[in-house]
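*Asks:* Sequence:
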Amino acid sequence: MDFVGNSIFIPFFLISVGMLIDFRAFFNNTETMIVAVTMTVIATIGKYIPALITQKTYGFSIDERRLIFGLSNAQAAATLAAVLVGFNIILGYNQNGEPIRLLSESILNGTIIMILGTCTIASFATQKGAQNVARTERNSTENDIMEEDEKILIPLGNPETIDDLIGLSVIVKAPENKSNLYALNVITSDNEDSDAAQNAKKLLERAAITASATDDHLTNLLRYDLNIVNAITNTIKEQNITDLVMGLHVKTGITESFLGNLTEGILTKNNVTTFVYKPAQPISTLIRHIVIIPGKAEAEIGFPFWLLKIWNIGRNTGAKLLFYGHNKTIQFIRDIHSKYPIEADFGIFEEWDDFLILLKDVKIDDGLIIVMSREKRLSFQNNMRNVPSYLNKHFRDNSFILVYPMQAGIIDANEEFNNPSLIEPIEKIDELGKTIARMFTRK
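Numbered according to this note's numbering, the sequence shown spans residues 6 to 448.
Bear in mind the hints are in silico, worked out from the structure with no lab data behind them.
The beta carbon of each residue, even a glycine, is placed where N, CA and C say it ideally should be.
Wrong hints could be hidden among the right ones.
Listed below are the simulated DSS-like cross-link pairs for lysine-lysine, each with C-alpha atoms no more than 25 Å apart in a straight line [claimed, not checked]:
| no. | residue 1 | residue 2 |
| --- | --- | --- |
| 1 | K365 | K398 |
| 2 | K301 | K381 |
| 3 | K344 | K365 |
| 4 | K325 | K368 |
FRET-style restraints, in silico, Cβ to Cβ [claimed, not checked]:
| no. | residue 1 | residue 2 | range |
| --- | --- | --- | --- |
| 5 | A83 | R106 | 14 to 24 Å |
| 6 | L363 | Q286 | 14 to 24 Å |
| 7 | K368 | Q132 | 53 to 63 Å |
| 8 | D350 | N163 | 48 to 58 Å |
| 9 | D366 | E210 | 37 to 47 Å |
| 10 | L363 | Y229 | 40 to 50 Å |
| 11 | D366 | A139 | 44 to 54 Å |
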């Protein structure tokens, strides 16, 4: 049936309709054009008004109204058949012997033009409405996935950093996320302390009390494992963690052993947004956060995820955010800022060789947020290797956060974020602003 319809019926129908038109009538007879325009306008309005009433009655969106209108506006075979019947009914003959038809030739030609016009309008309206409805449904599903699956893991080992790590996690998380915070304490296989388990439980209980002060539930995880890196890696996979918040002691800084475990162990095996936080003072007391972003960061799949977390820092603490990055990256963030304003300024920073020059005016109450990248990834800069030593040497008295975004191509990456439905709209730069806007709207 499909073959007969597509190969025989439809082509012959279109050819026969085309042969009915007398093109000379459009140039020699203004009545034909008047009839065509009038019929097209009336038919279009006659379909648009019911679509509008239906939208208002059932609370449909504009795109759903557009879809209803587009699907109902096209006039085709039934209209043409009715007009042909009227055209073929001859009421009599005039003095010149010409037939007097129930529907004149002008009506027939005007009807065919009306069919052309309404079908064209319907096609564009349906296409636009259907695309927007499909995009909205897809985006809603993606956002539901992101909201449901936001799980933040906080490895705890030092009692002095508990409050700061819990505080940062509460600030960056989605407001709706009240139960997906996980505190992890690891007892390694070479630990011979008989009180290790008891001390770990006390530490986790203290963390839970800190989280409960903000009406958040903290799930405590006590794990026995070969080493801390394995424990964190396995917990991320078992609990489907999306964000990792790690702490540094204020007096320690970034040591070679910590950096090695981070880059060679955790970051290469897990594709989660990772925050490395060294608190010099409570985050709520900071006046400004200076955010340094590498070039091409906007092209990474993790860009909207870490940006939303940093946005939450500005919204929830009231501190001013100063964004520095490449012009294209900053323009994306400016567009978001225009729709979801917070106190923020923007500057261009393209040469990582000038890292220290950019930060020469950093004050004691300023926090640094530096967006990093794994090596050989799109946004990686060679001078990122020097950032830890810069921080240890020049900014020991400042709080800082190193952000390692989700990135494509990470071994053993969390399968959740290899889902094409999530990655596709993020990788397309022209859709990036819409993707971020959806996330911000839902938050």
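*Asks:* Compare the structure with each hint and give your call.
*Replies:* So, going through the hints one by one against the coordinates:
1. K365 - K398: Since the Cα atoms of K365 and K398 sit roughly 13 Å apart, the hinted pair holds (cutoff 25 Å).
2. K301 - K381: 13 Å, holds
3. K344 - K365: 31 Å, violated
4. K325 - K368: 13 Å, holds
5. A83 - R106: 14 to 24 Å: 20 Å, holds
6. L363 - Q286: 14 to 24 Å: This hint holds: roughly 22 Å between Cβ atoms.
7. K368 - Q132: 53 to 63 Å: The hinted range 53 to 63 Å holds for K368 and Q132, with Cβ atoms some 54 Å apart.
8. D350 - N163: 48 to 58 Å: 34 Å, violated
9. D366 - E210: 37 to 47 Å: 42 Å, holds
10. L363 - Y229: 40 to 50 Å: 45 Å, holds
11. D366 - A139: 44 to 54 Å: 49 Å, holds
This entry does not satisfy hints 3, 8, going by the numbered hints stated previously.
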